[in-house]
Amino acid sequence: MTIKSEPFVVNVGPQHPSTHGVFRLRLTLDGEKIVDADMVMGYLHRSMEKLAEERTYTQNIPFTDRTDYLSAMTGNLAYVMAVEKLMNVEVPERALWLRTIMAELQRIASHAMAVGIFANDCGAWQTPVMHMFRDREKILDLFEMACGARLTLNYMRIGGVSKDIPVEWMPQAQRLLKELPDRFAEYEDLLLSNEIIIARSRGIGTLTPEQATAYSVSGPMLRASGVAWDVRKADPYGAYDKVDFDIAVGRNGDVYDRFVVRLAEMRQSLRILQQAFERMPAGPVHARLGTATVQPWGQAVAPLAYRPPVGEAYARIESPRGELGYYIVSDGGPAPFRFHIRSPSFINLTPLKLMSVGMTVADAIVILGSVDIVVGEVDR
Amino acid sequence: MATRTKFLSGLDIAHRIEQRFPGAVDEALPEFAMIKPERLIETLTYLRDDEELGFKFLSSLTAVDRLEWFEVAYHLESFRLNQATAVKVRTFDRENPKVPSAVTVWQGAHLQEREAYDLMGIYFEGHPDLRRLFLWEGFAGFPLRKDYLNLPGGLNAGLERFPGEQGLDFSGRGTQ
Amino acid sequence: MTSFFLKGEWYDFRDLGNPVGGLLHDIDKIAPHWVVYVVASLIGTGGIVLWGVLSCLAFIWIERRVVALMQNRKGPNRVGPAGLLQPVADALKLLMKEAITPRAADKIVFWAGPVLIFVPALAVFAVIPFGPKMTLADLNVGVLFLIAIAGINTPAVFLAGWSSNNKYALLGAMRTIAMLISYEIIQVLALLGPVLLVGSMRLGDLVGWQDHYNTWIFFIQPVGLMAYIFAGAVETNRSPTDIAEAESEIVAGYHTEYGGIKFGFFYQAEYLAGFAIAAAITTLYMGGYTLWGAEKYIPSWIIFLGKLYTVFFIYIWARGTLPRLRIDQLMAFAWKFLLPIMLVNTLVVGGEVLIWRENDISDVTALTLIGLVNFFFGAALVIGWARFLGHGRGRQVGRRALLTQEVGAVYFGAETSS
Amino acid sequence: MDSTGVIIAFYVLAAMTIGSAVSVVVVRNMIHAVMGLIGTFAGLAGLYVTLSADFIAITQILIYIGAISILFLFAIVLTPQASRNNQESFLRFPALVLALLVAGVLIFVALDNTWNLSHAPDFPETASTIGELLLKTYVLPFEIASVLLLVAVVGSIVLVRPEPVEED
Numbered sequence: 001m002t003i004k005s006e007p008f009v010v011n012v013g014p015q016h017p018s019t020h021g022v023f024r025l026r027l028t029l030d031g032e033k034i035v036d037a038d039m040v041m042g043y044l045h046r047s048m049e050k051l052a053e054e055r056t057y058t059q060n061i062p063f064t065d066r067t068d069y070l071s072a073m074t075g076n077l078a079y080v081m082a083v084e085k086l087m088n089v090e091v092p093e094r095a096l097w098l099r100t101i102m103a104e105l106q107r108i109a110s111h112a113m114a115v116g117i118f119a120n121d122c123g124a125w126q127t128p129v130m131h132m133f134r135d136r137e138k139i140l141d142l143f144e145m146a147c148g149a150r151l152t153l154n155y156m157r158i159g160g161v162s163k164d165i166p167v168e169w170m171p172q173a174q175r176l177l178k179e180l181p182d183r184f185a186e187y188e189d190l191l192l193s194n195e196i197i198i199a200r201s202r203g204i205g206t207l208t209p210e211q212a213t214a215y216s217v218s219g220p221m222l223r224a225s226g227v228a229w230d231v232r233k234a235d236p237y238g239a240y241d242k243v244d245f246d247i248a249v250g251r252n253g254d255v256y257d258r259f260v261v262r263l264a265e266m267r268q269s270l271r272i273l274q275q276a277f278e279r280m281p282a283g284p285v286h287a288r289l290g291t292a293t294v295q296p297w298g299q300a301v302a303p304l305a306y307r308p309p310v311g312e313a314y315a316r317i318e319s320p321r322g323e324l325g326y327y328i329v330s331d332g333g334p335a336p337f338r339f340h341i342r343s344p345s346f347i348n349l350t351p352l353k354l355m356s357v358g359m360t361v362a363d364a365i366v367i368l369g370s371v372d373i374v375v376g377e378v379d380r
Numbered sequence: 001m002a003t004r005t006k007f008l009s010g011l012d013i014a015h016r017i018e019q020r021f022p023g024a025v026d027e028a029l030p031e032f033a034m035i036k037p038e039r040l041i042e043t044l045t046y047l048r049d050d051e052e053l054g055f056k057f058l059s060s061l062t063a064v065d066r067l068e069w070f071e072v073a074y075h076l077e078s079f080r081l082n083q084a085t086a087v088k089v090r091t092f093d094r095e096n097p098k099v100p101s102a103v104t105v106w107q108g109a110h111l112q113e114r115e116a117y118d119l120m121g122i123y124f125e126g127h128p129d130l131r132r133l134f135l136w137e138g139f140a141g142f143p144l145r146k147d148y149l150n151l152p153g154g155l156n157a158g159l160e161r162f163p164g165e166q167g168l169d170f171s172g173r174g175t176q
Numbered sequence: 001m002t003s004f005f006l007k008g009e010w011y012d013f014r015d016l017g018n019p020v021g022g023l024l025h026d027i028d029k030i031a032p033h034w035v036v037y038v039v040a041s042l043i044g045t046g047g048i049v050l051w052g053v054l055s056c057l058a059f060i061w062i063e064r065r066v067v068a069l070m071q072n073r074k075g076p077n078r079v080g081p082a083g084l085l086q087p088v089a090d091a092l093k094l095l096m097k098e099a100i101t102p103r104a105a106d107k108i109v110f111w112a113g114p115v116l117i118f119v120p121a122l123a124v125f126a127v128i129p130f131g132p133k134m135t136l137a138d139l140n141v142g143v144l145f146l147i148a149i150a151g152i153n154t155p156a157v158f159l160a161g162w163s164s165n166n167k168y169a170l171l172g173a174m175r176t177i178a179m180l181i182s183y184e185i186i187q188v189l190a191l192l193g194p195v196l197l198v199g200s201m202r203l204g205d206l207v208g209w210q211d212h213y214n215t216w217i218f219f220i221q222p223v224g225l226m227a228y229i230f231a232g233a234v235e236t237n238r239s240p241t242d243i244a245e246a247e248s249e250i251v252a253g254y255h256t257e258y259g260g261i262k263f264g265f266f267y268q269a270e271y272l273a274g275f276a277i278a279a280a281i282t283t284l285y286m287g288g289y290t291l292w293g294a295e296k297y298i299p300s301w302i303i304f305l306g307k308l309y310t311v312f313f314i315y316i317w318a319r320g321t322l323p324r325l326r327i328d329q330l331m332a333f334a335w336k337f338l339l340p341i342m343l344v345n346t347l348v349v350g351g352e353v354l355i356w357r358e359n360d361i362s363d364v365t366a367l368t369l370i371g372l373v374n375f376f377f378g379a380a381l382v383i384g385w386a387r388f389l390g391h392g393r394g395r396q397v398g399r400r401a402l403l404t405q406e407v408g409a410v411y412f413g414a415e416t417s418s
Numbered sequence: 001m002d003s004t005g006v007i008i009a010f011y012v013l014a015a016m017t018i019g020s021a022v023s024v025v026v027v028r029n030m031i032h033a034v035m036g037l038i039g040t041f042a043g044l045a046g047l048y049v050t051l052s053a054d055f056i057a058i059t060q061i062l063i064y065i066g067a068i069s070i071l072f073l074f075a076i077v078l079t080p081q082a083s084r085n086n087q088e089s090f091l092r093f094p095a096l097v098l099a100l101l102v103a104g105v106l107i108f109v110a111l112d113n114t115w116n117l118s119h120a121p122d123f124p125e126t127a128s129t130i131g132e133l134l135l136k137t138y139v140l141p142f143e144i145a146s147v148l149l150l151v152a153v154v155g156s157i158v159l160v161r162p163e164p165v166e167e168d
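Protein chains in written order, with our numbering: chain L, 1 to 380; chain H, 1 to 176; chain G, 1 to 418; chain A, 1 to 168.
It is worth saying that the hints were derived from the structure and are not from the lab.
Misleading hints may appear alongside valid ones.
Unchecked claim - Label pairs and their computed distance ranges (CB to CB):
id, chain 1, residue 1, chain 2, residue 2, range
1, A, Ala-145, G, Gly-80, 56 to 64 Å
2, G, Gly-21, A, Ser-118, 32 to 40 Å
3, G, Leu-339, A, Glu-143, 15 to 23 Å
4, L, Arg-288, H, Leu-11, 29 to 37 Å
5, A, Ser-156, H, Asn-96, 58 to 66 Å
6, A, Ala-145, G, Pro-102, 41 to 49 Å
7, G, Gly-259, L, Asp-30, 27 to 35 Å
As the structure is a computational prediction, the values presented were derived from the model and not from experiment.
Just so you know, even glycine gets a beta-carbon here, dropped at the ideal spot from N, CA and C.
Given only the sequences and the hints, what does the whole structure look like? Please build it.
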């Protein structure tokens with residue numbers, strides 16, 4: 001004999017501490033158990049894809065900051081790579097290395113945020129987040145030195161980067177690089193073996209590799225399911241083919257493994273940074289394209305409008321959240337004819353219902369935290 | 001160590017599809033292969049399940065308004081073989097564009113097809129839950145279509161010139 | 001009457017009961033008998049309320065500063081010196097906010113919630129001995145009173161959650177009740193240990209017993225203390241068991257819809273309940289107002305409050321450190337883990353007391369033996385039972401990610417030594 | 001009934017108890033009725049205190065306010081059909097008649113009886129006395145009650161256990 005209760009619909013969000021922005025999760029509950037989960041999004045929809053059709057290729061770069069605002073570098077990078085593919089531009093060596101360094105710093109900052117907020121979703125009252133912020137702040141300081149902004153960076157340019165790093169940048173970055181391994185060891189100590197975190201996240205929201213692949217999941221979520229797929233390794237861009245690093249892979253595909261994979265990736269990013277700092281060559285940071293002029297201090301002044309040839313290009317990179325792709329169709333004009341963002345946060349949400357049905361409300365929050373969405377990127 | 005993803009050209013893909021399903025390919029370019037809508041699902045299933053192709057991962061699904069027709073682009077990847085390709089399908093019906101849904105092939109198409117329906121107005125037949133995604137129910141029109149609205153300033157979509165470029169007439173601040 | 005203001009007991013602050021007793025004695029001479037009763041209860045209640053409010057205000061600041069230090073922050077440091085006036089500012093803000101009642105709420109019950117929850121939080125202190133003569137009512141069923149009064153929380157929380165007509169609130173209320181009812185049993189069993197040892201439920205007797213044998217029950221009943229600390233965390237909704245108002249899940253639980261001073265009531269009741277748990281632990285397990293003879297020199301109430309705040313600090317510490325459990329895990333912990341252990345613990349204590357009473361053993365030997373036996377037996381019991389339930393060492397070890405260079409390979413389910 | 005304070009307390013508590021009890025019957029909203037019931041329990045506990053039965057009073061609070069009222073609240077909330085309000089029932093008038101009859105009998109008994117004051121000494125330690133009585137004199141009924149409760153616990157667990165999924 002089973003006792004049936006009435007279904008109970010709870011709206012988690014759009015104003016909720018744990019939806020990481022204005023995102024709404026409509027849970028149908030039986031007691032505490034989830035029987036149905038539905039996503040409602042679009043509260044942050046700014047119609048970037050339409051706006052981008054009205055702006056030149058260069059003017060579109062700031063939009064890419066504002067999709068994934070916790071990882072603006074990778075957004076920039078994917079977009080300029082797509083345009084470069086379209087225009088067939090050869091990027092100077094130093095610019096490639098700089099892009100790699102910035103992308104990896106951004107990955108550490110973004111993963112630190114993801115891990116901290118995930119612990120917060122588990123109920124650790126702000127402490128992990130604040131510890132992670134300590135490191136993230138220093139990385140943001142480095143960004144500020146390099147490009148003058150901390151969050152929406154607008155650093156990459158079509159054909160290179162906006163300007164070379166200042167002289168005092170490298171010593172400060174080296175200092176940070178010396179500090180970080182100890183910090184990461186501390187986080188691994190505190191979080192990975194924490195009995196409560198293990199109890200809360202092991203065996204929750206499990207995705208098998210088949211499911212993860214079929215549901216187009218990418219990034220740490222896919223790797224946590226045991227699929228060793230990393231665009232940096234599979235299709236190296238920037239200077240990733242010249243550095244040595246490993247793909248961090250989980251074994252069980254649960255929330256805990258996503259968290260473990262993120263922590264391991266932060267360490268791999270350090271490895272990449274170490275090699276990049278040693279091996280980065282000197283040289284120009286911007287390709288000479290069309291009427292582009294490079295100022296004596298290294299800043300590239302882009303021409304007002306590029307006109308790539310008619311065609312289409314799809315470039316994808318490994319952003320901290322997964323496979324970030326830009327699909328650009330050109331009709332030969334100064335603005336993209338079609339500008340589409342394949343945003344990992346958005347597509348990683350696809351299996352949310354699959355993961356959360358049968359779990360409890362508390363689990364749903366942790367699962368949502370493990371997807372690590374940025375609503376700016378979900379809604380675009 | 002520098003492996004790179006092998007991009008299978010549209011011509012190659014088209015050739016393979018043509019061998020398996022004669023008449024399924026509409027058009028083939030190096031960048032993509034255009035598939036006829038009525039043969040879409042079996043073709044995509046073939047692309048997914050074939051041993052030498054193995055495109056188990058749907059990287060991106062998006063719709064493009066080409067003014068004369070709508071097309072839906074599928075960017076596919078294979079992890080095992082580290083290769084990628086792109087296929088497309090198009091529909092010339094601007095009033096009521098319909099394309100078969102790929103959800104039965106890749107569940108990952110679920111949200112992306114909803115997005116394409118929401119913003120481009122392409123109806124995916126066979127989609128289990130085709131609703132508006134970002135915009136609310138009852139929103140008039142589909143904003144990503146080129147004929148949706150002219151933007152402020154009177155600049156039409158797909159314009160040839162931009163403010164600041166030489167030769168643009170700024171006297172009238174737009175054409176409307 | 002000549003030296004009304006200059007009597008010795010007026011300055012005897014070792015026990016605030018002395019000046020109050022002197023005052024009452026003088027009143028008794030000039031007024032009818034019942035006036036003494038009324039004055040005594042007024043002084044006692046007023047004192048407890050005043051102390052409670054002041055401690056709450058102080059601990060709002062202390063908690064925020066301490067947690068801020070744990071989190072690499074500064075904490076409130078703008079209002080007053082070192083932010084000391086922050087709690088006052090908070091309280092003023094709460095007082096001046098509009099008292100909103102949602103239209104769909106059940107008005108009467110919505111108002112009754114904060115009041116009902118405040119009563120038990122304050123009433124508990126009536127039986128707590130702050131000093132030798134500083135007990136408002138030394139009931140002979142004091143220990144039971146602690147639990148029973150705390151049990152009034154349950155309907156109050158439910159009514160608050162239900163009347164808000166909010167789904168988060170109802171969910172929070174349901175969670176709270178499930179938790180409170182389960183952990184009430186654990187509390188009873190945990191407090192049964194000291195009661196069995198002492199043979200009285202009067203809190204004054206419990207303190208006297210610990211003073212007489214110069215030991216704390218803490219050393220004799222470690223398992224009971226641990227269980228009571230955990231059950232206390234559940235009772236007062238503090239980390240790691242703040243499930244009922246889990247911010248990241250159900251916003252604020254049963255008091256989601258409350259704002260302004262009504263929320264202030266919940267907030268303060270929560271602190272007072274925390275103090276009550278700390279006071280109970282201090283009295284029952286940590287020797288109350290005694291400190292191995294030092295109470296001759298230090299005022300006993302200072303000793304008591306010092307211990308109380310130390311115990312309360314543990315909860316603050318936990319809040320800044322631990323994540324939150326899930327409701328089913330917490331319930332399983334109560335019923336599958338703590339309940340059997342506490343039952344066995346009670347049995348053991350009963351047996352030990354019986355042997356001690358029946359045989360002619362000197363107190364020191366007996367207590368040392370009991371303490372040692374309980375410590376090792378308790379440790380063995382906890383570890384063994386945890387092993388039995390499958391919480392072996394291997395499961396706790398954190399896994400590390402697998403590192404690979406091979407693109408496209410699948411490692412799902414690959415078990416390698418971590 | 002020795003001092004004025006106790007007499008005042010008795011009348012206040014009695015008024016509270018009866019008032020709450022009446023509100024349980026009169027109030028339409030079932031949750032309000034349970035609140036009235038809680039008031040009745042609290043008043044009864046107070047009355048026990050005036051009778052120097054402090055153990056019973058505390059137990060009354062613990063069991064009735066802390067547990068029984070929660071049982072009622074859960075039953076009301078978890079019953080899908082019973083919304084918030086009491087329904088009209090055809091048994092209303094029979095119930096009224098029955099209640100009046102019972103009230104009449106009680107009032108008659110109360111007025112007709114000659115009440116004797118007990119001169120038995122107070123129990124200084126009610127808790128230990130009750131404990132000794134339960135575990136010495138009345139140990140058999142006590143144990144039987146325990147076994148009954150155990151049966152009830154086991155039965156309820158069996159009832160709410162999810163049915164095992166049958167595997168073929």
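These are the hints, each one checked on the structure:
| no. | hint | verdict |
| --- | --- | --- |
| 1 | A/Ala-145 <-> G/Gly-80: 56 to 64 Å | 59 Å, holds |
| 2 | G/Gly-21 <-> A/Ser-118: 32 to 40 Å | 34 Å, holds |
| 3 | G/Leu-339 <-> A/Glu-143: 15 to 23 Å | 20 Å, holds |
| 4 | L/Arg-288 <-> H/Leu-11: 29 to 37 Å | 33 Å, holds |
| 5 | A/Ser-156 <-> H/Asn-96: 58 to 66 Å | 59 Å, holds |
| 6 | A/Ala-145 <-> G/Pro-102: 41 to 49 Å | 45 Å, holds |
| 7 | G/Gly-259 <-> L/Asp-30: 27 to 35 Å | 31 Å, holds |
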